[in-house]
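S.K.: Sequence:
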Amino acid sequence: MPAGTLYRGREGMWSWVAHRVTGVLIFFFLFVHVLDTALVRVSPEAYDEVVATYKNPIVALLEYGLVAAILFHALNGLRVIAVDFWSKGPRYQKQMLWTVMGIWLVLMVGAIYPVLGHAARELFGS
42 MPAGTLYRGR EGMWSWVAHR VTGVLIFFFL FVHVLDTALV RVSPEAYDEV VATYKNPIVA
102 LLEYGLVAAI LFHALNGLRV IAVDFWSKGP RYQKQMLWTV MGIWLVLMVG AIYPVLGHAA
162 RELFGS
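Numbering (the numbering used here), first residue to last: 42 to 167.
Because the hints were derived from the structure by calculation, they are not lab data.
Pairwise CB distance ranges, derived in the manner of DEER restraints: (1) TRP55 / LYS129: 19 to 27 Å; (2) GLU163 / VAL81: 18 to 26 Å; (3) THR94 / ARG51: 37 to 45 Å.
A quick note: this is a predicted structure, and the numbers were derived from the prediction, not measured.
For each residue, glycine too, the CB sits at the ideal point set by N, CA and C.
All chains, please: the whole structure from these sequences, using the hints.
M.R.: What follows is the structure in structure tokens.
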């Protein structure tokens, strides 16, 4: 690593990057969601066709990714708030990040069946 660089590549930097990336992904999802929902006023038949394309296993994987992005962004946002507003926050930011990651992992494991169960039944039968 060159001398004098600010980049350290540690947990704080990666959580910063992941927070921004998940925020952008959530924004684009909301943008597409507003557009496809607005389509119902233009043409209900076209809306039904678009919604029908969402009922496949690939989209279920994308929905699981959306759940992952929203959960990480929300939990990391709470960590950022704690770092900013708690006087001891900066001292414990690394421990809080690992706590966030642990909670995120547990919630993601818990979301597998509710989000991907239908897709698994479609692919492999009931």
